[in-house]
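Given the coordinates of chain V, assemble chain G onto it according to the supplied hints.
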Amino acid sequence: MASQVTVFVENKPGRISRIARILGDEGINIRAITISDMGEYGLINIISNDPEGAAEALSNDGFSVSRKYVIAIIMEDRPGGLADITEYLHSNGINLSNAYGFILQQRDRAVLILEVDDYERAEGLIRKGGFHTLTMEELHNL
Amino acid sequence: MDERYWNRALETMPRSDLESLQLSRINSALARAAHEKHYRKRLPDRLESLEDVITLPFTKKQDLRNGFPDGFLSVPLEDIVRLHSSSGTTGRATVVYHTRGDIDNWSELVARSMYMTGVRKGDVFQNMMGYGLFTGGLGLHYGSEKLGSLTIPASSGNSKRQIKLMQDFGTTAIHITPSYALHLYTIFEEEGIDPRQDLKLRIAFLGAEPYTEETRKKIESLYGMRAFNSYGLSEMNGPGVAFECEEQNGMHLWEDSYLLEIIDPATGEVLEDGHEGELVLTTLQREGMPIIRYRTGDIATVYTGTCPCGRTHRRISRIKGRSDDMLIIKGVNIYPMQVEKVLMGIPEIGHNYLIEIENVEYLDTMRIKVEVVQEIFHGNIGELERLKRRIVEELKNEILIRPQVILVEPNSLPKSEGKAVRVVDHREKR
Chain V
0 MASQVTVFVE
10 NKPGRISRIA
20 RILGDEGINI
30 RAITISDMGE
40 YGLINIISND
50 PEGAAEALSN
60 DGFSVSRKYV
70 IAIIMEDRPG
80 GLADITEYLH
90 SNGINLSNAY
100 GFILQQRDRA
110 VLILEVDDYE
120 RAEGLIRKGG
130 FHTLTMEELH
140 NL
Chain G
0 MDERYWNRAL
10 ETMPRSDLES
20 LQLSRINSAL
30 ARAAHEKHYR
40 KRLPDRLESL
50 EDVITLPFTK
60 KQDLRNGFPD
70 GFLSVPLEDI
80 VRLHSSSGTT
90 GRATVVYHTR
100 GDIDNWSELV
110 ARSMYMTGVR
120 KGDVFQNMMG
130 YGLFTGGLGL
140 HYGSEKLGSL
150 TIPASSGNSK
160 RQIKLMQDFG
170 TTAIHITPSY
180 ALHLYTIFEE
190 EGIDPRQDLK
200 LRIAFLGAEP
210 YTEETRKKIE
220 SLYGMRAFNS
230 YGLSEMNGPG
240 VAFECEEQNG
250 MHLWEDSYLL
260 EIIDPATGEV
270 LEDGHEGELV
280 LTTLQREGMP
290 IIRYRTGDIA
300 TVYTGTCPCG
310 RTHRRISRIK
320 GRSDDMLIIK
330 GVNIYPMQVE
340 KVLMGIPEIG
350 HNYLIEIENV
360 EYLDTMRIKV
370 EVVQEIFHGN
380 IGELERLKRR
390 IVEELKNEIL
400 IRPQVILVEP
410 NSLPKSEGKA
420 VRVVDHREKR
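Sequence lines, in order, name chains V and G. The opening position of the first sequence corresponds to residue 0 in numbering that gives the first Met the number 0, with each subsequent residue numbered one higher. The opening position of the second sequence corresponds to residue 0 in numbering that gives the first Met the number 0, with each subsequent residue numbered one higher.
Rather than coming from a laboratory, the hints here were simulated on the basis of the structure. Worth double-checking, as some hints may not be accurate.
[Unchecked claim] Calculated lysine-lysine pairs in the BS3-like style (CA-CA distance at most 30 Å, straight line): (1) G/Lys319 to G/Lys60; (2) G/Lys329 to G/Lys216; (3) G/Lys40 to G/Lys59; (4) G/Lys329 to G/Lys340; (5) G/Lys395 to V/Lys11; (6) G/Lys199 to G/Lys159; (7) G/Lys216 to G/Lys319; (8) V/Lys11 to G/Lys387; (9) G/Lys40 to G/Lys60; (10) V/Lys11 to G/Lys368; (11) V/Lys67 to G/Lys387; (12) G/Lys216 to G/Lys159; (13) V/Lys11 to G/Lys414; (14) G/Lys199 to G/Lys163; (15) G/Lys368 to G/Lys395; (16) G/Lys60 to G/Lys36; (17) G/Lys217 to G/Lys319; (18) V/Lys67 to G/Lys368.
Remember, it's a predicted structure, so these values are computed and weren't measured experimentally.
Chain V extracted, bound-state conformation:
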């Protein structure tokens, strides 16, 4: 399992840059960032090399911050890769609430980040299914 930091922001100019500057000033490296946009507000999801530090820095600046366990799967960067894993999870009754990925170009691999509704079960299933997950350290040290 790995740790995602989620921040509540209003849909106002400059929120992302403020967040990015705070993390940058703390020496925290952002691996992936996505936004769930709800119109007048949004949630910003961040994978970084130091989720605890990130959460604390943002919280001290006045943001409401939540940390969530996500599953990080490392896989070949090929067509069908996402379909294989999501079909597998679906057939085992696991629902996704968020999914995003990023490519590791040096090794021709991709990292898929999944928010699921039942982490314990999902993690077990993924390993049984032959997929490779990253531990928190492995994700942070990419």
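Chain G in isolation, oriented as in the chain V frame:
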């Protein structure tokens, strides 16, 4: 049928006869009120003159709330054929009970008022005010039917349908809030319809919320019709308490049905005509639930002098404001305390909220801003959206209008000071 007056004898009754009538009626009212739990043993059996009215106790909104449900009932419940009640899922509602005779008298006042503005049997009247527990709906409806005009119970909202009704049935008179009239005009523009040319509107009754003379003239000009001010409150039945005549200069308050006083809201002292103060009204004909010296909370002036129309019932000015903190939003009366009670019942909100009222395209909007503080944030959109929906639903059940709920970041709202409910009214005087 008298061309000019619905009831010439009553409407043009000389003052001395009118006042004798009032004295006789208030004594009947006292006799009936003696049966009401709230007034028991607090009222004299009769008054010898109208001057003695000042010896009677005032009745306040809070008394009605405390007396819910039957503290003001004056007849057996089985003689009641209708009730109108305020909203209220939190705190106590107020209720007004009507006998068959009350409904008939109320309709008579409304018919008289409508006739006064020029509505006649051949008119097509579209009632664009909310029906149900709102008295603006059924109140005008029954009056219009009594007058004999064709009555369309359109209720409020659904602008495209309102317009279609006007086109299909040749509506000539409407009952509408000023803000909705202005908003509706923007829809006419979108549809490419010019009410002046394409419709048959002649008369509008404007009420339920404050507005200026400028706005009245604007509405008249946009629609090519005459717009008459009207005043009422559910405690005094509803619409039909006071209405403008063809002079459109002050609203005649029907003094055969209501005893009119103006008081200084701070001291309770009765003021003379021409002075601004709080309207205090006593029902003179109500059977089911007479109310004695009701403090309406509405601030106005009673005009001195006679009206060219010949009616001897005094005129009151536009309502200038409130003596309390009541708000009128989309024509609906709302106390900030009601909003606060609902919000306090939702623990996630805490004290971190702000109520804003704005005018968006002429329509009143209530916006509740709620801070998403750390304690309630779990990174879950579903949870936030459920919270928003819950706030909207619970408020809508209490205040009957649907507010917008906006989630904001922590510490972005002004801190609330003490116990005052924070309401910021951004609306300009309409």
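Now the hints, each set against the structure:
no.	hint	in the structure
1	G/Lys319 to G/Lys60	holds (19 Å)
2	G/Lys329 to G/Lys216	holds (20 Å)
3	G/Lys40 to G/Lys59	holds (18 Å)
4	G/Lys329 to G/Lys340	holds (21 Å)
5	G/Lys395 to V/Lys11	holds (28 Å)
6	G/Lys199 to G/Lys159	holds (17 Å)
7	G/Lys216 to G/Lys319	holds (18 Å)
8	V/Lys11 to G/Lys387	holds (19 Å)
9	G/Lys40 to G/Lys60	holds (20 Å)
10	V/Lys11 to G/Lys368	holds (15 Å)
11	V/Lys67 to G/Lys387	holds (22 Å)
12	G/Lys216 to G/Lys159	holds (24 Å)
13	V/Lys11 to G/Lys414	holds (21 Å)
14	G/Lys199 to G/Lys163	holds (13 Å)
15	G/Lys368 to G/Lys395	holds (16 Å)
16	G/Lys60 to G/Lys36	holds (16 Å)
17	G/Lys217 to G/Lys319	holds (19 Å)
18	V/Lys67 to G/Lys368	holds (26 Å)
When the structure is compared with the earlier hints, no violation turns up for any of them.
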